[in-house]
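*Asks:* Got chain E; can you put chain C on it based on the hints?
Order-wise, the sequence lines are chains E and C.
Sequential numbering of the first sequence, starting at 1, is according to our numbering.
Sequential numbering of the second sequence, starting at 1, is according to our numbering.
These are computed hints drawn from the structure, not numbers from a lab.
Hints may be right or wrong, so weigh each one.
[What the hints assert, rightly or not] What follows is a list of derived Cβ distance ranges for each label pair:
id, chain 1, residue 1, chain 2, residue 2, range
1, C, 65, E, 329, 56 to 64 Å
2, C, 241, E, 301, 52 to 60 Å
3, C, 284, E, 123, 30 to 38 Å
4, E, 27, C, 326, 27 to 35 Å
5, C, 264, E, 158, 52 to 60 Å
6, C, 241, E, 291, 54 to 62 Å
7, C, 35, E, 36, 32 to 40 Å
8, E, 213, C, 65, 51 to 59 Å
9, E, 36, C, 282, 20 to 28 Å
10, E, 119, C, 264, 40 to 48 Å
11, E, 301, C, 198, 52 to 60 Å
12, C, 332, E, 213, 49 to 57 Å
13, E, 313, C, 214, 57 to 65 Å
[Said to hold, decoys possible] Cβ-to-Cβ under 10 Å is the rule here; a few derived chain C residues that face chain E:
id, residue
14, 13
15, 150
16, 228
17, 251
18, 307
Glycine residues also receive a C-beta, built at the ideal position from the N, C-alpha and C atoms.
2 protein chains.
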Amino acid sequence: MKKRMLQGVVEMGHGSGGRTSAQLIEQLFIHYFDNAWLRAGNDFALFERPAGRVVMSTDSHVITPLFFAGGDIGSLAVHGSINDVAMSGAKPLYLSAAFILEEGLPLAELERVVVSMARASRDAGVPIVTGDTKVVERGKGDGVFITTTAIGVVPEGVNIAGSHAQVGDKIVLSGGIGEHGVAVLSSREGLDFRTAITSDSAALHTLVAAMIAAEPNIHALRDPTRGGVATTLNELAKQSTVGMRIDESAIAVKAEVKGACELLGLDPLYMANEGKLVAIVPANRADQLLAVMRQHPLGRDAAVVGEVVEDDRCMVVMKTRLGGHRVVDWLAGEQLPRIC
Amino acid sequence: MKKRMLQGVVEMGHGSGGRTSAQLIEQLFIHYFDNAWLRAGNDFALFERPAGRVVMSTDSHVITPLFFAGGDIGSLAVHGSINDVAMSGAKPLYLSAAFILEEGLPLAELERVVVSMARASRDAGVPIVTGDTKVVERGKGDGVFITTTAIGVVPEGVNIAGSHAQVGDKIVLSGGIGEHGVAVLSSREGLDFRTAITSDSAALHTLVAAMIAAEPNIHALRDPTRGGVATTLNELAKQSTVGMRIDESAIAVKAEVKGACELLGLDPLYMANEGKLVAIVPANRADQLLAVMRQHPLGRDAAVVGEVVEDDRCMVVMKTRLGGHRVVDWLAGEQLPRIC
Chain E
1 MKKRMLQGVV EMGHGSGGRT SAQLIEQLFI HYFDNAWLRA GNDFALFERP
51 AGRVVMSTDS HVITPLFFAG GDIGSLAVHG SINDVAMSGA KPLYLSAAFI
101 LEEGLPLAEL ERVVVSMARA SRDAGVPIVT GDTKVVERGK GDGVFITTTA
151 IGVVPEGVNI AGSHAQVGDK IVLSGGIGEH GVAVLSSREG LDFRTAITSD
201 SAALHTLVAA MIAAEPNIHA LRDPTRGGVA TTLNELAKQS TVGMRIDESA
251 IAVKAEVKGA CELLGLDPLY MANEGKLVAI VPANRADQLL AVMRQHPLGR
301 DAAVVGEVVE DDRCMVVMKT RLGGHRVVDW LAGEQLPRIC
Chain C
1 MKKRMLQGVV EMGHGSGGRT SAQLIEQLFI HYFDNAWLRA GNDFALFERP
51 AGRVVMSTDS HVITPLFFAG GDIGSLAVHG SINDVAMSGA KPLYLSAAFI
101 LEEGLPLAEL ERVVVSMARA SRDAGVPIVT GDTKVVERGK GDGVFITTTA
151 IGVVPEGVNI AGSHAQVGDK IVLSGGIGEH GVAVLSSREG LDFRTAITSD
201 SAALHTLVAA MIAAEPNIHA LRDPTRGGVA TTLNELAKQS TVGMRIDESA
251 IAVKAEVKGA CELLGLDPLY MANEGKLVAI VPANRADQLL AVMRQHPLGR
301 DAAVVGEVVE DDRCMVVMKT RLGGHRVVDW LAGEQLPRIC
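Chain E extracted, bound-state conformation (with noise of 0.2 Å):
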């Protein structure tokens, strides 16, 4: 992959369709995301039958700073896509990526974005096929957005949703929480603290591919980006009727995260993570799942943090480290804005 450095910014006819548009996609997004179905020039990308059910997931990243330690919204745009498909279980197949510039925004920076993503998508073997690019008036974006959409085939006997926390089911985590909130806002200019934490930004299907392989029967997975752990159990315990109880001491968290979070009055149980996984599975089948996730390079610090209890409030309740109890609720108004 030759590395260039495109010159000159984002202009209105980068969008207009006609050849400065042909010119990007060729030397931008051609050039780097090099495959098959691009070079193609339809504006659909076409595989062969997929072998099983097909699962399809969207975000749009809206992330600012657009460049943040251990990441960028391309990278981000990857992993946010591949993340909420493997989710379901499924094996993420192909990606596509829509853009929308900003006027004046540098090429040079685009570029360093798109070299970026296609890093990301060839670490994670899930390319992207198809796109498309809009272009607006200055003042009416915000330097790059890019909408990902992902989509993948679901194994056989693979039957994953949030409503299928079942009671009895243990809680288990990927790892440490908060570290990609904490790493963003650290990017953000005007902001006084600076620390050593980098977004835990990472494609997870490979640790859900062995996690499956150890236990098709896990009951539901996601990922706490926005809201946090908080947020995600909260919505798990709607979705399944059910209750959750968590041990505050079994969530890890590292220390650079809680000081941060402590000097800025944020909790981290609300912290969007980028590369951590909650997993709620059978009580009797934990701990060999454990033992598989601590052997993936994305799960050494899993753990289980909880168990899921009869509750029709559908309440999430914390165990402190003092001992005492607190109510856990879903995120109220936001905590921080643009965070993915």
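*Replies:* Just chain C now, kept in the frame of chain E:
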């Protein structure tokens, strides 16, 4: 479908992932798009194994104004991705929709858009099965941007691509050109002319299905959106390494479109269409295809407008009404920004 007008405006909290986001999704998106996939509440939608090759296409929509004669950003977003998938010969099956909302957008305006999308999706028989909502600060977006992705299934024996045009093929156009571009222009504030023209925005998949039923061996299909018929023909010529000869007198242009274009110094050949298609078909099948197209409401004015010729410079040349010839080049720069 109960009609309500939501109060208030989009706030940053609507993009938080927390309780406010959940309420917006329930009251607006699930309420109007209403289907089992959305009600399942997962970050993905799951389907049975498709009955053939799968095709995927994505488009971001940034049109301004949001509402125009004959449509709005919502119906356009549904038609746009359905059409891109249909241009492979596929039957569109499912849509995803990702929204980027600007803080301060009246919720009643968003509701109008969502109601329109719901209607377009239902009319087309293609449900919106998964989605995403993000919110950006005032001045970092423009009301609402919508990225739709469609997936569909290609029937056996159909093999349509931009690179399949062959010397001797006929070029078929499904109707009059330039209506979407003129309708949007005339809806823009500050423009001093009005026309009776409405956008041709429509879902073309049933027209395509009728054409394929009559003749599976269609070589190429494309909808001439941004950049118009001129750009589409140049793209197809380049992909297939052929030339195109078209006849101006065969191309339908409504008097109002012609009038508006003359007034504004624009060329209808470069104006966007959102409910037309160009088909490249074997010469000996053109008459039968025309007959089938003319029986469909969206193909009543279908006509053969030219033919594919040998030309390794891939030029598109038009015989004018006056009997001369002119080269129809790619759109250079931009004719109209944010037309889709």
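*Asks:* Closer than 10 Å between Cβ atoms is the bar; does residue 228 of chain C clear it against chain E? Give me holds or violated.
*Replies:* 8 Å, holds
*Asks:* At a threshold of 10 Å, is the proposed contact between residue 13 of chain C and chain E supported by beta-carbon distances?
*Replies:* Where the cut-off is 10 Å and the nearest Cβ of chain E is about 4 Å from residue 13 of chain C, the hint holds.
*Asks:* Indicate whether the distance between the beta carbons of residue 284 of chain C and residue 123 of chain E respects the range 30 to 38 Å.
*Replies:* 50 Å, violated
*Asks:* Would the hint on residue 307 of chain C be counted as holding, given a Cβ-Cβ threshold of 10 Å to chain E?
*Replies:* 22 Å, violated
*Asks:* Return holds or violated for the Cβ distance of residue 213 of chain E and residue 65 of chain C against the range 51 to 59 Å.
*Replies:* 52 Å, holds
*Asks:* Starting from the range 20 to 28 Å, see whether the pair residue 36 of chain E and residue 282 of chain C falls in it by beta-carbon distance.
*Replies:* 26 Å, holds
*Asks:* Does the hinted range 49 to 57 Å hold for residue 332 of chain C and residue 213 of chain E at CB?
*Replies:* Distance hint for residue 332 of chain C, residue 213 of chain E holds at roughly 54 Å.
*Asks:* Between residue 264 of chain C and residue 158 of chain E, does the beta-carbon spacing fit 52 to 60 Å?
*Replies:* For residue 158 of chain E against residue 264 of chain C, whose Cβ atoms are near 57 Å apart, the range 52 to 60 Å holds.
*Asks:* That 52 to 60 Å hint for residue 301 of chain E and residue 198 of chain C (C-beta), does it hold up?
*Replies:* At 59 Å between Cβs, range holds.
*Asks:* For the hint 52 to 60 Å, verify it against the beta carbon of residue 241 of chain C and that of residue 301 of chain E.
*Replies:* Since the Cβ atoms of residue 241 of chain C and residue 301 of chain E sit about 56 Å apart, the hinted range of 52 to 60 Å holds.
*Asks:* Just to be careful: measuring from the Cβ of residue 150 of chain C to every Cβ in chain E, is the smallest value less than 10 Å?
*Replies:* Result: holds, 9 Å to nearest chain E Cβ.
*Asks:* Using the C-beta atoms of residue 313 of chain E and residue 214 of chain C, is the stated range 57 to 65 Å upheld?
*Replies:* 60 Å, holds
Comparing the model with each numbered hint stated earlier shows that hints 1, 3, 17 and 18 do not hold.
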